[in-house]
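Participant: Protein chains in written order, with our numbering: chain E, 7 to 263; chain C, 18 to 272.
Do not rely on the hints blindly, as some may be mistaken.
[Said to hold, decoys possible] Listed next, the stretches of chain E that the computed footprint assigns to chain C, with coverage defined by at least 3 CB atoms under 8 Å from CB atoms of chain C:
{"#": "1", "region": "93 to 103"}
{"#": "2", "region": "184 to 193"}
{"#": "3", "region": "197 to 205"}
{"#": "4", "region": "238 to 250"}
[To be verified] Pairs of lysine-lysine residues, derived as DSS-like cross-links and limited to a Cα-Cα distance of at most 30 Å, are as follows:
{"#": "5", "chain 1": "E", "residue 1": "Lys89", "chain 2": "C", "residue 2": "Lys269"}
{"#": "6", "chain 1": "C", "residue 1": "Lys269", "chain 2": "E", "residue 2": "Lys177"}
{"#": "7", "chain 1": "C", "residue 1": "Lys163", "chain 2": "E", "residue 2": "Lys177"}
{"#": "8", "chain 1": "C", "residue 1": "Lys269", "chain 2": "E", "residue 2": "Lys123"}
{"#": "9", "chain 1": "E", "residue 1": "Lys250", "chain 2": "E", "residue 2": "Lys106"}
{"#": "10", "chain 1": "C", "residue 1": "Lys84", "chain 2": "E", "residue 2": "Lys106"}
{"#": "11", "chain 1": "E", "residue 1": "Lys123", "chain 2": "E", "residue 2": "Lys14"}
{"#": "12", "chain 1": "C", "residue 1": "Lys86", "chain 2": "E", "residue 2": "Lys123"}
{"#": "13", "chain 1": "C", "residue 1": "Lys269", "chain 2": "C", "residue 2": "Lys114"}
{"#": "14", "chain 1": "E", "residue 1": "Lys106", "chain 2": "C", "residue 2": "Lys163"}
{"#": "15", "chain 1": "E", "residue 1": "Lys84", "chain 2": "E", "residue 2": "Lys71"}
{"#": "16", "chain 1": "E", "residue 1": "Lys208", "chain 2": "C", "residue 2": "Lys163"}
{"#": "17", "chain 1": "C", "residue 1": "Lys114", "chain 2": "E", "residue 2": "Lys71"}
{"#": "18", "chain 1": "C", "residue 1": "Lys163", "chain 2": "C", "residue 2": "Lys114"}
{"#": "19", "chain 1": "C", "residue 1": "Lys268", "chain 2": "E", "residue 2": "Lys71"}
{"#": "20", "chain 1": "E", "residue 1": "Lys42", "chain 2": "E", "residue 2": "Lys207"}
{"#": "21", "chain 1": "E", "residue 1": "Lys71", "chain 2": "C", "residue 2": "Lys269"}
{"#": "22", "chain 1": "C", "residue 1": "Lys269", "chain 2": "E", "residue 2": "Lys241"}
Worth flagging that the hints you see were computed from the coordinates, not collected in a lab. Owing to the predicted nature of the structure, the values given are computational and were not obtained by experimental measurement. Where is the CB? At the ideal position from N, CA and C, for every residue including glycine.
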Amino acid sequence: MSGQNNGKQTEIEVRGLNLWYGNNHALHNISIDIPKNSVTALIGPSGCGKSTFLRCLNRMNDLVKNCRIEGNVRIDDKDIYSKEVDVVDLRKRVGMVFQKPNPFPMSIRDNIAYGPKIHGFSKNEIDSIIEDALRSGALWDEVADRLSTSALNLSGGQQQRLCIARTLAVKPEVILFDEPCSALDPISTSKIEELIMELKKKYTIVIVTHNMQQAARISDNTAFFLTGDLIEYGKTDQIFENPKMKPTEDYITGRFG
Amino acid sequence: MLQIFLNGYSAISIEFLTEMPRKRMTEGGIYPAILGTIYLIVGSMGVAVPLGVLSAIYLNEYAQPGKTKWLIEMAINNLAGTPSVVFGLFGLAMFVKYMGFGASLLASALTLALMVLPIIIRTSQEALITVPEEYRYASLALGVTKWQTIRQVVLPAAIPGMITGAILGVGRVAGETAPILLTGAAYFLPRLPDSIYSQFMALPYHLYVIATAGTNISQTRPIQYGTALVLLAIVLSVNMIAVSIRRHYRKKLRN
Chain E
7 MSGQNNGKQT
17 EIEVRGLNLW
27 YGNNHALHNI
37 SIDIPKNSVT
47 ALIGPSGCGK
57 STFLRCLNRM
67 NDLVKNCRIE
77 GNVRIDDKDI
87 YSKEVDVVDL
97 RKRVGMVFQK
107 PNPFPMSIRD
117 NIAYGPKIHG
127 FSKNEIDSII
137 EDALRSGALW
147 DEVADRLSTS
157 ALNLSGGQQQ
167 RLCIARTLAV
177 KPEVILFDEP
187 CSALDPISTS
197 KIEELIMELK
207 KKYTIVIVTH
217 NMQQAARISD
227 NTAFFLTGDL
237 IEYGKTDQIF
247 ENPKMKPTED
257 YITGRFG
Chain C
18 MLQIFLNGYS
28 AISIEFLTEM
38 PRKRMTEGGI
48 YPAILGTIYL
58 IVGSMGVAVP
68 LGVLSAIYLN
78 EYAQPGKTKW
88 LIEMAINNLA
98 GTPSVVFGLF
108 GLAMFVKYMG
118 FGASLLASAL
128 TLALMVLPII
138 IRTSQEALIT
148 VPEEYRYASL
158 ALGVTKWQTI
168 RQVVLPAAIP
178 GMITGAILGV
188 GRVAGETAPI
198 LLTGAAYFLP
208 RLPDSIYSQF
218 MALPYHLYVI
228 ATAGTNISQT
238 RPIQYGTALV
248 LLAIVLSVNM
258 IAVSIRRHYR
268 KKLRN
């Protein structure tokens with residue numbers, strides 16, 4: 007089943023993607039076009055392959071032993087699985103925010119400066135990057151006066167926004183979110199959601215979520231996964247109001263999952 | 018401990034700590050033995066810690082699970098349980114004879130380094146395991162290489178645990194007699210070691226000598242207690258330094 011998207015320019019183009027963990031065929035022939043500067047939500051019950059699919063987009067699955075991938079993933083019209091691609095460079099362009107906030111055990115400043123420092127920015131550049139990133143991450147006003155205190159003292163929601171800011175600091179084009187709010191309270195969640203809506207003006211966003219309301223609230227397009235298949239992909243309004251496939255309808259109306 | 022302290026305290030004096038032994042070791046100080054033990058600690062830890070930490074990094078972060086890794090870890094576990102006298106014999110055969118270092122500070126330090134290496138590797142591995150996987154993912158997802166991730170994120174978080182391993186190692190290095198007896202410690206030397214190829218005196222062996230083979234055992238009893246106390250004090254102060262370094266790093270991680 008393939009998903010086409012009209013209108014906006016395509017940022018990520020996936021064709022015939024298959025993935026195996028050992029003998030377990032976890033993703034079946036996925037094809038999808040993810041448009042630039044939009045939010046694309048991946049939904050589906052646990053174990054449906056949505057997070058696995060997300061991790062194909064910045065090749066985090068390379069870290070998993072016995073993981074084998076076939077098919078074609080093009081980001082910005084470049085095949086990211088071709089031999090010439092430097093994985094390290096790819097992950098600079100395709101950032102990722104994880105389920106559990108995972109700031110480094112360092113100060114707030116050092117957390118943001120970590121990426122740019124290793125990528126060779128000068129000290130002056132880094133200072134302005136830190137402020138820009140924290141402002142874009144909607145955290146600056148809360149932490150401006152305590153940048154040198156430990157990031158571990160921040161609340162869960164603040165930590166997650168710090169992780170987003172840390173990702174922004176290496177200036178990616180695409181940001182992948184892997185259930186970024188599942189460990190957060192409703193108020194922190196709504197802050198992150200606002201932030202994601204703001205970020206899509208400059209970045210292409212793909213988000214895995216368990217929360218269907220969240221997908222409905224913030225995404226432009228939604229893809230529904232089930233047991234390793236992409237069942238349906240389309241405009242979020244259409245998926246939620248008028249799903250074409252029976253399993254999609256069942257899932258959205260809460261009949262399983 | 019208390020007994021050693023009470024009995025040894027009276028023997029301790031500036032002369033005791035800074036002078037050569039006199040009159041067949043029944044009088045005078047234990048300066049060469051103190052210095053020898055400190056050289057041994059510095060020398061063996063200087064070899065064992067870098068080697069052990071790098072081995073642990075290889076085993077935990079790079080080696081693929083499989084036969085080779087299993088074999089290496091098996092060997093390390095066995096070496097950790099090997100009696101120190103066996104290391105001494107190996108040091109004698111390998112460093113003293115085969116590599117031609119002779120009975121020397123170098124041969125002894127290397128032998129002790131080999132002896133503590135398994136402990137250092139094991140504790141370093143434990144320390145690396147406790148570093149949350151999320152740190153590694155976060156760093157890799159920022160487009161940072163694996164080696165940079167290990168250096169910048171994983172190692173700093175693991176250092177407190179690694180220092181614990183080093184502390185255990187120092188205790189063993191300072192206290193072992195058998196390995197140095199076979200590879201370079203002298204019964205008595207009227208001078209300090211002047212190079213890494215010199216023989217040397219060391220506290221545990223000196224203690225053994227004056228307590229069992231000395232010329233007048235009952236007469237030298239205060240010196241025996243004094244020597245034991247100095248040995249304890251050295252181990253304790255090295256450990257204190259290590260503990261404060263560890264605390265410094267822990268604080269830095271939290272704040």
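Participant: Hinted pair, alpha-carbon criterion (30 Å max): Lys269 (chain C), Lys114 (chain C). Please report holds or violated.
Facilitator: The hint is violated at about 46 Å.
Participant: If you draw a straight line from the CA of Lys114 (chain C) to the CA of Lys71 (chain E), is it 30 Å or shorter?
Facilitator: 46 Å, violated
Participant: When you check the alpha-carbon spacing of Lys163 (chain C) and Lys114 (chain C), does it fall within 30 Å?
Facilitator: 41 Å, violated
Participant: Could you grab the alpha-carbon distance between Lys84 (chain E) and Lys71 (chain E) and see if it respects the 30 Å cut-off?
Facilitator: 25 Å, holds
Participant: If you count the residues of the region 238 to 250 of chain E with a beta-carbon closer than 8 Å to a beta-carbon of chain C, do you get 3 or more?
Facilitator: violated (count 0)
Participant: Run the distance test for Lys269 (chain C) versus Lys123 (chain E): straight-line Cα separation, threshold 30 Å.
Facilitator: 19 Å, holds
Participant: For a C-alpha distance cap of 30 Å, please report whether Lys269 (chain C) and Lys241 (chain E) respect it.
Facilitator: It is violated: about 48 Å lies between the C-alpha atoms, which goes past 30 Å.
Participant: Regarding the pair Lys250 (chain E) and Lys106 (chain E), is the alpha-carbon distance no greater than 30 Å?
Facilitator: Not satisfied, since the Cα-Cα distance of roughly 34 Å exceeds 30 Å.
Participant: Using a Cβ cutoff of 8 Å, are there at least 3 residues of the region 184 to 193 of chain E near chain C, or does the coverage claim fail?
Facilitator: It is violated: at least three residues are needed, and the region 184 to 193 of chain E offers just 0 whose Cβ sits closer than 8 Å to chain C.
Participant: For the pair we were handed, Lys86 (chain C) and Lys123 (chain E), check the Cα-Cα distance against 30 Å.
Facilitator: 34 Å, violated
Participant: Take the C-alpha atoms of Lys106 (chain E) and Lys163 (chain C), compute the straight-line distance between them, and say whether it is at most 30 Å.
Facilitator: Given that 30 Å is the threshold and the Cα spacing comes to 21 Å, the pair holds.
Participant: Between the alpha carbons of Lys71 (chain E) and Lys269 (chain C), is the straight-line distance 30 Å or under?
Facilitator: Distance ~34 Å between Lys71 (chain E) and Lys269 (chain C) Cα, so the pair is violated.
In this structure, the hints that do not hold are numbers 2, 3, 4, 5, 9, 10, 11, 12, 13, 17, 18, 19, 21 and 22, in rising order.
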